[in-house]
Amino acid sequence: MSYRESSIFASLLITIGIWGNYTWGVFNLYQQQLFSTETMYSLLFTAVLYTIFLEVVLQIIVAIYKHKEANDKSDERDKTITMRANSYAYHILVLGCFCVTFYILFPVISQFTFSMPGLAKEYEVMHLIIAFGLLAEVVCSLVKLASYRRGY
Amino acid sequence: MTKVISNNIRKLRFEHQEMTQQKLADAVSVSRQTIVAIEKGKYSPSLEVAFKISDIFNKPINEVFLYS
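First to last, the protein sequences are chains L and B.
Note that the first sequence covers residues -17 to 134 in the working numbering.
Note that the second sequence covers residues 52 to 119 in the working numbering.
Isolated chain L (complex conformation) (with noise of 0.2 Å):
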C-alpha cells in the first residue's frame, strides 16, 4: 500500500470510527432519555477533538512509516483521483442540498423521514448536514482507495 492510499485508508477508519461512535453515542443516549442539548454539544466536541488527534497522530505515524514517499508531489494521475473522488463527493453533497431544503419547507416530512424529539429544529438540519457531509467525505475516500487499487 503506497504513502496515498495508507494516508487515506487512516482518515477514513478515523472518520467511520469516531463519527460512527458519536452517532452510537447519540442513539444510547436517546434509548436511556438522556438526550439534551448538553449532552449533544458534548458528544460533538468529543468527536470534533477526537477527529483533529487522531488524524493528525495517524497521518505523522504514516508519514514517518512510508518517509520515502512522503515528500513526493501529487502528479497528474493523484490530481485525477482526486478530480474524480470529488466529483462522487459533490453530487452527494448536492443531494444533501436538496434534502435539507425539502426537510425545512415541508416539516411534516420529519414526521417520516428524521426526527430528533428533545433537540431544537436546528440541530436536526445541522446533524443532517453533517450526515451528507460524513457520507460524502466517506465517498470521496472509497473512490480514491478504489482508484488506486485499480490504477487509475
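Warning: the hint list may mix true and false statements.
What the hints assert, rightly or not - With a straight-line Cα cutoff of 16 Å, these simulated EDC-like cross-link-like pairs (lysine to aspartate or glutamate) come out:
#1 L:K48 <-> L:E(-13)
#2 B:K103 <-> B:E114
#3 L:K50 <-> L:E(-13)
#4 B:K103 <-> L:E51
#5 B:K74 <-> B:E90
#6 B:K110 <-> B:E66
#7 L:K61 <-> L:E(-13)
#8 B:K62 <-> B:E90
#9 B:K103 <-> L:E58
#10 B:K62 <-> B:E99
#11 B:K74 <-> L:E51
#12 B:K93 <-> L:D60
#13 L:K55 <-> L:E106
#14 B:K93 <-> B:E66
#15 B:K93 <-> L:E58
#16 B:K91 <-> B:D106
#17 L:K61 <-> B:E99
#18 B:K74 <-> B:E114
#19 L:K55 <-> B:D77
#20 B:K54 <-> B:E66
#21 B:K74 <-> L:D54
#22 L:K50 <-> B:D77
Just so you know, these hints were derived from the structure itself, not from any lab.
Starting from the known structure of chain L, fit chain B onto it as the hints suggest.
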C-alpha cells in the same frame, strides 16, 4: 474490434541498463506508482508524460506506446 493502448516501457527499461521504475519516475516527475500503473496498462498518461518517457528512451512515441 476495440483498440487499446499498450506500451513497451518495461522492455525499454531493461534495455537501458535495467533502469528502475523509481529512476524513470524521477526523470519524468511522477510517482513510482504512476509508472507501475502505466506499465500495466491501467493508466494512460498525458501527452506530456508520454513524450517525456519517449525522450528518456530516445525513441519516437509510437515505438513506446502502441495503439492496436
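How the hints compare with the structure:
1. L:K48 <-> L:E(-13): holds (11 Å)
2. B:K103 <-> B:E114: holds (13 Å)
3. L:K50 <-> L:E(-13): holds (14 Å)
4. B:K103 <-> L:E51: violated (22 Å)
5. B:K74 <-> B:E90: Within the cut-off at roughly 14 Å; holds.
6. B:K110 <-> B:E66: Satisfied, since the Cα-Cα distance of roughly 12 Å is no more than 16 Å.
7. L:K61 <-> L:E(-13): holds (14 Å)
8. B:K62 <-> B:E90: holds (10 Å)
9. B:K103 <-> L:E58: Given that 16 Å is the threshold and the Cα spacing comes to 14 Å, the pair holds.
10. B:K62 <-> B:E99: Measuring from Cα to Cα gives roughly 21 Å; hence the hint is violated.
11. B:K74 <-> L:E51: holds (14 Å)
12. B:K93 <-> L:D60: It holds: about 14 Å lies between the C-alpha atoms, which stays within 16 Å.
13. L:K55 <-> L:E106: Answer violated: L:K55 to L:E106 is near 41 Å, above 16 Å.
14. B:K93 <-> B:E66: violated (23 Å)
15. B:K93 <-> L:E58: Satisfied, since the Cα-Cα distance of roughly 14 Å is no more than 16 Å.
16. B:K91 <-> B:D106: Between B:K91 and B:D106 the Cα gap is close to 20 Å, so the pair fails against 16 Å, i.e. violated.
17. L:K61 <-> B:E99: It holds: about 15 Å lies between the C-alpha atoms, which stays within 16 Å.
18. B:K74 <-> B:E114: violated (20 Å)
19. L:K55 <-> B:D77: With a Cα-Cα distance of about 11 Å, the restraint between L:K55 and B:D77 holds, given a limit of 16 Å.
20. B:K54 <-> B:E66: Violated, at about 27 Å.
21. B:K74 <-> L:D54: Answer holds: B:K74 to L:D54 is near 14 Å, not above 16 Å.
22. L:K50 <-> B:D77: holds (13 Å)
Hint check: violations occur at hints 4, 10, 13, 14, 16, 18 and 20; the rest are consistent with the structure.
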